[in-house]
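Visitor: Each chain, written out:
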Amino acid sequence: MTLSGDPCRAWEARENSKVLQKTVNFSDTTILVVDDNQYMRQLISHMLRAFEVGTVLHADNAKEGFAEIRQSKIDCLIVDWLMPGMSGIEFVTMVRTSPQSSRPDIPIILCSGHTEKDLVVEARDAGVSEILTKPLSPRSLFEKLDLAIFHPRPFIIMPSYTGPCRRRRLNAQYDGIERRRDSGLQQHDIDALLYS
Amino acid sequence: MPPLTLHDAVARADDLLQSVIADFPMHLETTFAEMDRSARSGRWIEIQIAAHDLKGQAATLGWPIIGLVARSLEAALKTGDKTNFEKAARVHVDCMRLCVASNIRKPVPMAARFLEELAELVARMGKSAARAG
Numbered sequence: 009m010t011l012s013g014d015p016c017r018a019w020e021a022r023e024n025s026k027v028l029q030k031t032v033n034f035s036d037t038t039i040l041v042v043d044d045n046q047y048m049r050q051l052i053s054h055m056l057r058a059f060e061v062g063t064v065l066h067a068d069n070a071k072e073g074f075a076e077i078r079q080s081k082i083d084c085l086i087v088d089w090l091m092p093g094m095s096g097i098e099f100v101t102m103v104r105t106s107p108q109s110s111r112p113d114i115p116i117i118l119c120s121g122h123t124e125k126d127l128v129v130e131a132r133d134a135g136v137s138e139i140l141t142k143p144l145s146p147r148s149l150f151e152k153l154d155l156a157i158f159h160p161r162p163f164i165i166m167p168s169y170t171g172p173c174r175r176r177r178l179n180a181q182y183d184g185i186e187r188r189r190d191s192g193l194q195q196h197d198i199d200a201l202l203y204s
Numbered sequence: 007m008p009p010l011t012l013h014d015a016v017a018r019a020d021d022l023l024q025s026v027i028a029d030f031p032m033h034l035e036t037t038f039a040e041m042d043r044s045a046r047s048g049r050w051i052e053i054q055i056a057a058h059d060l061k062g063q064a065a066t067l068g069w070p071i072i073g074l075v076a077r078s079l080e081a082a083l084k085t086g087d088k089t090n091f092e093k094a095a096r097v098h099v100d101c102m103r104l105c106v107a108s109n110i111r112k113p114v115p116m117a118a119r120f121l122e123e124l125a126e127l128v129a130r131m132g133k134s135a136a137r138a139g
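Line order of the protein sequences matches chains A and B. In terms of our numbering, the first sequence opens at residue 9 and continues consecutively. In terms of our numbering, the second sequence opens at residue 7 and continues consecutively.
Incorrect hints may have been included.
Okay, derived cross-link-like pairs now, EDC-like style, lysine to aspartate or glutamate, Cα gap no bigger than 16 Å in a straight line [stated by the list, open to error]:
id, chain 1, residue 1, chain 2, residue 2
1, A, Lys30, A, Glu151
2, A, Lys30, A, Glu124
3, A, Lys26, B, Glu52
4, B, Lys112, B, Glu122
5, B, Lys88, B, Glu52
6, A, Lys30, B, Asp14
Bear in mind the hints are in silico, worked out from the structure with no lab data behind them.
The following block holds chain B by itself, in its conformation from the complex (with noise of 0.2 Å):
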């Protein structure tokens, strides 16, 4: 077989990686569904773990709205606010849900606002968590 260029394999992956990219939204209605699963459950490990994959996937496959949210559920989950765990994952997937279902991929500024809200309730958690001890 002869060498590949790093142009070739590039363009070949990018084509090929479009049937990926076609089929992420509906990956992410599954990841969700678990996300929901698990909060009920209380299994926060597993909701931190697909959180963290999330972020990667997303950015990867052109949603950086889903990764940032994703982030930013990855870091309520690790303030130790257990008392707020099942809160916030419920608001987070829920962002999440609306950014797949309006087809909102990046940033925009409702997005935008979004992601300030989200921040601020990982900080409240954070505090609360620092007060709890």
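Chain A extracted, bound-state conformation (with noise of 0.2 Å):
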């Protein structure tokens, strides 16, 4: 069957065209990279070398990485999942939620091997912006950046949970318990929160 004849994956390269055709600047924005390995954290910044960006910086380890965001006006971390002393996870957690951490609210990518549901899951609530999974691809990474960075969702702090929203489908119709209130509060009030 010709690509014109099925209509399905006629739709399937539109759309794969239009997002091709999307454009992004990083030029102005800084990337901290947190992971031990040398030879990834050369492979991750030669992407984003070819994205352009603006600042790459490099931790191989989470404690290097905790010191550089209150050193550096960071604008998102890629950081990897499996390290030795502190995992990602364990970083992430701190970043978000530690007294001590300059920027709770940064958009936060974790590389990963893991594509298991629970694992997902402990990402996602321990306040992950986003999940690049292995084997890294430019594109997934430009994508993963494109999110994180430039439409982040809303950031969310309760007692059990600070991160962004975990909720990815917006449904304003819905009207059921779990419906999050309004708080009520604006941007000022949750940087007050966040900074003070």
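Reassemble the complex: the two chains are provided individually, in unrelated frames, and hints are given to aid placement.
Guide: Given below as structure tokens:
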């Protein structure tokens, strides 16, 4: 069957073509890559340079990464899940909830070879913004960066959870018992809560 | 600086990655040597982390067979059968070396046989660990 004869495939091709023409400008962004593996850091850095990211910083462990966040104005973190000492998940929890954290609301992309549901849920509940599954591809990294930096989900601060809203689908009609009530907080109230 | 399309960004990244891909076999040799040293000193966690890293890198850089063997090594070290850790590390690293030396990148029939044998070893280790309680 030809492409033009299959409406589903033709639609898919059109959508893909639209996505490929989408433009993003990362030149004003600073991204910190936290990974103990030098080779992986190099690999990710090559991709980020190809995307014309303004500044790429590195840390080879969670402690160094945490210090770097305090020192530099960082727009997004790319963190590996499995690191010796503190794991990627523990690091994300520290960034989100530690009183010493200077940027609890920073977008965080977690790199992982694990795609099992319980591990994805664990990452989501720790406050990860996006999960980047291995094997990495330039396209998946580009798309996750675009989502995390330029289309972040609302940031939630609750006693039991701090991080981007875990709901990805908006259903304005939903009026069940789990509907989140509008707190009435404005962005400056949230900033005051985060940075006071 | 003008904005970049996803199409252009991916094409540029693919070009830049060519040098990393070309250097990968050399990086593998260094990693295997480190794994040998860790195995001799019984530093199993280090080997497990190295295997985990290799799993992701190899698949990204066009050596899926290395990723599959690394995945098997990671599984072997998760069985808890410490008496066989050294053997498992040696067999897996030798298998990866052979693949690199022979430029076997994908699970061709010969490599698929290696993988089956490794899977049997991991299964035996799992049973042995379960028996030991």
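Visitor: Next step is simple, just say for each hint if it's right about the structure.
Guide: Status of each hint after checking the structure:
1. As the CA atoms of lysine 30 of chain A and glutamate 151 of chain A are separated by approximately 10 Å, the hinted pair is consistent with the 16 Å bound.
2. Of the pairs offered as hints, the one joining lysine 30 of chain A and glutamate 124 of chain A is violated, with about 30 Å between alpha carbons and a cut-off of 16 Å exceeded.
3. Proposed proximity of lysine 26 of chain A and glutamate 52 of chain B is contradicted: the alpha carbons are some 44 Å apart, above 16 Å.
4. As the CA atoms of lysine 112 of chain B and glutamate 122 of chain B are separated by approximately 14 Å, the hinted pair is consistent with the 16 Å bound.
5. In summary, the hint linking lysine 88 of chain B to glutamate 52 of chain B is supported, as the alpha carbons are separated by about 14 Å, within the 16 Å threshold.
6. With a C-alpha separation of about 10 Å, the suggested pairing of lysine 30 of chain A with aspartate 14 of chain B holds against the 16 Å cut-off.
In terms of the numbered hints stated before, the structure departs from hints 2 and 3, listed from lowest to highest.
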